[in-house]
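**Q** Produce the entire structure from the sequences given, and follow the hints as far as they go.
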Amino acid sequence: MALTHNLIQTRRLVSNQTTITFSNIPQTYTDLRLLVSARSTATGQVRRYVNVNINSSSSPQTYVRSIAYSTNNTVTDFDNVNSNYLVMTTDGADSGVFGIGELYFINYSGSTNKAVTCTSGALSSGNSEHMIGIWGATRSTTTAITSLQFTCEIGDFVAGSVFSLYGIKKL
Amino acid sequence: MAVETFDSIKTQTLTSSTAGITFSDIPSGYTHLMLAVTAIATTGNTDIGVQLNGDSGSNYHFQMMYGNTSGGNGTYRTSTPTRMQITDWSYTDSSTFNNCVAYFLNYSDTNVWKTATGKSTRGNTGGGIDVYQNYWRNTNAISSMYIFGTTGNLNTGSTFSLYGLKAS
Chain A
13 MALTHNLIQT RRLVSNQTTI TFSNIPQTYT DLRLLVSARS TATGQVRRYV
63 NVNINSSSSP QTYVRSIAYS TNNTVTDFDN VNSNYLVMTT DGADSGVFGI
113 GELYFINYSG STNKAVTCTS GALSSGNSEH MIGIWGATRS TTTAITSLQF
163 TCEIGDFVAG SVFSLYGIKK L
Chain B
213 MAVETFDSIK TQTLTSSTAG ITFSDIPSGY THLMLAVTAI ATTGNTDIGV
263 QLNGDSGSNY HFQMMYGNTS GGNGTYRTST PTRMQITDWS YTDSSTFNNC
313 VAYFLNYSDT NVWKTATGKS TRGNTGGGID VYQNYWRNTN AISSMYIFGT
363 TGNLNTGSTF SLYGLKAS
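So the protein sequences, as listed, match chains A and B. First residue of the first sequence? That's 13 in my numbering, and the numbers climb one at a time after it. First residue of the second sequence? That's 213 in my numbering, and the numbers climb one at a time after it.
These are computed hints drawn from the structure, not numbers from a lab. Do not take every clue at face value.
Calculated cross-link-like contacts (lysine-lysine; reagent style DSSO-like; alpha-carbon spacing at most 27 angstroms) [to be verified]:
id: 1; chain 1: B; residue 1: Lys222; chain 2: B; residue 2: Lys378
id: 2; chain 1: B; residue 1: Lys222; chain 2: B; residue 2: Lys331
id: 3; chain 1: B; residue 1: Lys378; chain 2: A; residue 2: Lys181
id: 4; chain 1: A; residue 1: Lys181; chain 2: B; residue 2: Lys222
id: 5; chain 1: B; residue 1: Lys331; chain 2: A; residue 2: Lys181
id: 6; chain 1: B; residue 1: Lys331; chain 2: B; residue 2: Lys378
Just a few of them, taken from the derived set where beta-carbon distance is under 7 angstroms, the chain A residues facing chain B [said to hold, decoys possible]:
id: 7; residue: His17
id: 8; residue: Ile20
id: 9; residue: Gly108
id: 10; residue: Ile146
id: 11; residue: Gly148
id: 12; residue: Thr150
id: 13; residue: Thr163
id: 14; residue: Ile166
Ideal placement from N, C-alpha and C gives every residue a C-beta, glycine not left out.
**A** In structure tokens, the structure reads:
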């Protein structure tokens, strides 16, 4: 039977860590799916962004369009360049709660600009700074995605954070 | 060697109207769970709720963001509901099946509260899309799910599929 949803690599942190890197991503799939459960050591604000870095380059080539996101019970439309689109909880959120997200990289090994969709959220009870949203981002590069690097906007990823990268094949 | 990491754990299709179904004895050998639901209400409309491990107490939290042709765009959250909520199907009717997918991350990790995120879509004249996040204030591994209509029964043909995603 053909395999269509394969684990490429998972990273489950056993101690706090600054950076999560998936390198040498095989080019044999059609799309990539990443499931994230993450929390930062940052204090104060209950949620922070995760920086998503493609191919070790942070050059300003990413256009982000948020269909909508919400904080404090309002929905906001948003578009900008060089913005983040994956959120996590911080040390300021309820204990034991991790932010979660799903990223889907479409045609990641092709020669067209790289697109990613993201659904992500970070909640904390009784706090208005929580966020959920749907984002779409395009990176204007025709280079295949061979590595993904994730860092915290502020702080380090705490132990227990999990990043699971899957390859999706079309039959 | 590549390993298939997306396994079907259980699937159930209703052959008669019912309040909800339970997936019990969920194996702990996966890292994440994915629940896919296509459902229709018996009458009127209903959302889909999920209670974990038989817990019907006020131990959940959710936020929902929605956009639809009947109700516009908006968001709401509830800090102490008695269930997770994985749809916002308030503007649907009982003639159209609606769909949702929810991920339960790290469902067997006993160090964290359990979270679920996903999207749902609605057909008919109230068509729209919702995105949501929930958590359950409990560190127990998820071993069962009660999936139910929050305000009414679910009708024949509604299908519930639970998948396991491996990450090791």
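**Q** So, for every hint listed, does it hold in this structure?
**A** Against the structure, the hints:
Among the hinted pairs, Lys222/B with Lys378/B is consistent with the structure: their alpha-carbon atoms are about 16 angstroms apart, no more than 27 angstroms. Pair hint Lys222/B plus Lys331/B holds up; C-alpha atoms about 20 angstroms apart against a cutoff of 27 angstroms. A C-alpha spacing of about 16 angstroms is found between Lys378/B and Lys181/A, which places the hinted pair at or below 27 angstroms, so the restraint holds. As the CA atoms of Lys181/A and Lys222/B are separated by approximately 23 angstroms, the hinted pair is consistent with the 27 angstroms bound.
As the CA atoms of Lys331/B and Lys181/A are separated by approximately 22 angstroms, the hinted pair is consistent with the 27 angstroms bound. For the proposed pair Lys331/B and Lys378/B, the alpha carbon gap of about 21 angstroms is at most 27 angstroms, so the pair holds. A hinted interface residue such as His17/A counts as satisfied when its beta carbon comes closer than 7 angstroms to some beta carbon of chain B; here the least separation is about 4 angstroms, so the hint holds. Residue-level restraint check for Ile20/A is violated (minimum Cβ-Cβ distance to chain B is 9 angstroms; threshold 7 angstroms).
Nearest Cβ of chain B to the Cβ of Gly108/A: about 4 angstroms, under the 7 angstroms cut. The hint holds. Interface hint at Ile146/A: satisfied, since its Cβ lies 5 angstroms from the closest Cβ of chain B, which is below the 7 angstroms cut-off. Residue-level restraint check for Gly148/A is violated (minimum Cβ-Cβ distance to chain B is 13 angstroms; threshold 7 angstroms). Interface restraint check: Thr150/A against chain B, minimum CB-CB distance 20 angstroms, threshold 7 angstroms, status violated.
The beta carbon of Thr163/A is not positioned within 7 angstroms of any beta carbon in chain B (closest approach about 20 angstroms), and the interface hint is therefore violated. Hint status for Ile166/A: violated, given a least beta-carbon distance of 21 angstroms to chain B, over 7 angstroms.
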